[in-house]
Amino acid sequence: MPEPLLDVLDVSLSFRGLKALDALSFSVTRGEICALIGPNGAGKSSVLNILNGVYRADGGAIVFDGGRLGQIRPVTAARRGIGRTFQHAALFGGLSVRDNVLAGLSRKSRTTLLDDALGLPRARAETRGCLAAADEILGFLDLAPHRDRLVSTLPYGLQKRVDLGRALIAKPKLLLLDEPMAGMNGEEKRAMARFIRSARDTLGTTIVLIEHDIGVVLGLSDHVVVLDYGRKVGDGPPSQVRSDPAVIAAYLGKPQ
Amino acid sequence: MPPAAAALDGRALAATSTPAGSPIRAAGILAALAIAAVAVPVVADDYWYNAILIPFLIMALAGLGLNLTMGFAGQASLGTGAFMAVGAYATYNLLLRVPVLPLPFSLLGGGLIAGLVGLVVGLPSLRIRGFYLVAPTLAAQFLIAWTFNQVGWFSNYATSSAISAPHLALLGRDLSSPAGRYALTLASVVVVTAVAWRLVRSRTGRDWRAVRDGETAAAIIGVPVSRAKLSAFFVGAAVSGVAGALWAFAYLGTVDARSFDLDRSFQAMFIIIVGGLGSLSGSFLGAAFIVLTPILLSHLSGTILGTGLDGGQIANLQRVVFGALIIGFLIKEPNGLAALLGSLVDRLRRLAHRPDPLGED
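Here the protein sequences come in this chain order: A and B.
To convert, note that position 256 of the first sequence is 256 in UniProt numbering; the numbers rise steadily by one, no gaps.
To convert, note that position 310 of the second sequence is 310 in UniProt numbering; the numbers rise steadily by one, no gaps.
Among these hints, one or two may not hold up.
Partner residues are not named here, just some residues of chain B that face chain A (Cβ under 10 Å, in silico) [unchecked claim]:
1) Val195
2) Arg198
3) Gly205
4) Ala210
5) Val211
6) Ala217
7) Ile220
8) Ile221
9) Val225
10) Gly278
Hints are computed from structural coordinates only; laboratory data are not their basis.
The C-beta atom is built at its ideal place from N, Cα and C for all residues, glycine as well.
One chain only, chain A, in its complex shape:
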């Protein structure tokens, strides 16, 4: 049995008494693509928000990369190697594509204000390294032709790809993707699925994603966790989950 990168153990979350997650447990193996699926309001986004410190769980524990992930803030999560993308891309509209991607490296910067203001050797060396990393990621995601464009002028599908690049450049161990294909057409979805798979294959990134398009999910993921009303109703490889009666009931309702 391969070693898990992430273990979610009995995690609960409630908003003013409304239970969003109820003793949820699942684990994610290193190097797998794990999909969280379930109807609206099942608690999928809450899981991502707990994992990178936006929400705080009321109970339970999370073990990530061999250590407890306590009550962390988003910055700490990023520093420990948890990257994420956003449902609505949430890019920096006034920055170029390359600058958006470079922002993903900011927390690794070691330059001081003085280095930056005077262009001292340390800042120059760091900038060279960052630009090389950005060009590599932009090439990897076929974004090189759009490198200097203002990101707000790009079509939506490309913006989602820039968002992916901004997360990937920091080489996260675990990458959380919040509906990476929402609002895309079929062709854009296939391209995004290809990029997600090759991020895993070439960079070794472990991925947890939320996606509503079940066809895409079953084709892309190695492992599917099904949520309904904050509880896990299915967990396993796509082929098994597809035929699980509890999963079908959650999506289609129970037969009378």
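Fit chain B to the given chain A structure using the hints.
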């Protein structure tokens, strides 16, 4: 291509041509520098120095400082006047109490002290977002002006609230003539602008703009948001502080807290709104506009009405014109004169590159 699409496309192109620093831009900047440093001293008289060039350069620098804080990092501030005052009083005290320090170091020291004050004034930005941040900076504006008026030490216990600036000299050369004060101002503005130019292109500047465009997303992907906000306040206030010292020493010849009141803060804000938020050149365009418009208005009223208007009427007219223009800019071109100029240059370039008006390129 329909005109609307062409305009949109032009704006996109204009925006993308800025970060790379095109050769045309570089040539334009070099030409402007050559004119300012070589041609101007040949032709300018004292009126040009005192009424136009020196105040234009200094207000451009003050606007630049606010632009770094507000235009690049998105942290609204009405404290520019106060930061200028700190720069002026700090430089005055350095010249007075540490006379061994050469003038450029006193100016730099004044700027750094203003920056530290800006850092403290910027602390509420860690908890307060957006427009509400105006309130603490406004409070700082009043508090700092009040302090300089009340605590005699800052003005070396001068009996009048306006104290005369010490003699300006560098390496034994007297800089108190209009041409000398212009040279000092120009040199300071060029150096500070060059540093600002480097900074906004560095990782620090990228963090500023990331925080401006999406603070929540920036925090989640690991951009050091607090560092970005505080460094933007520090650098912006330091730049405004140098501008304040120059205003006192190279322009007015006196250090007077009343010349750094709330009106000055608003003036800096008008400069960057009209000139262009988040654009270095916009600070200069906006300052040129703010300095030249009153002069133009008084000349126009002189030629149209024969007798001319008195100072008070011109000041009122100016307020009306500026108010209308600011509303106009905020609605029609939030990126200010800098964006207008950018799209104009772009359109000219396209015209030059497209011999067949119907051909698509």
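Against the structure, the hints:
1. Val195: For Val195 (chain B), the interface hint holds, since the closest Cβ of chain A sits about 5 Å away, which is under 10 Å.
2. Arg198: Cβ of Arg198 (chain B) sits 5 Å from chain A, so the hint holds.
3. Gly205: With a closest approach of 8 Å, the Gly205 (chain B) hint holds.
4. Ala210: 5 Å, holds
5. Val211: Constraint on Val211 (chain B) satisfied, holds at 9 Å.
6. Ala217: 4 Å, holds
7. Ile220: At about 4 Å, which falls below the 10 Å cut-off, the nearest Cβ of chain A leaves the hint on Ile220 (chain B) intact, so it holds.
8. Ile221: 5 Å, holds
9. Val225: 8 Å, holds
10. Gly278: 7 Å, holds
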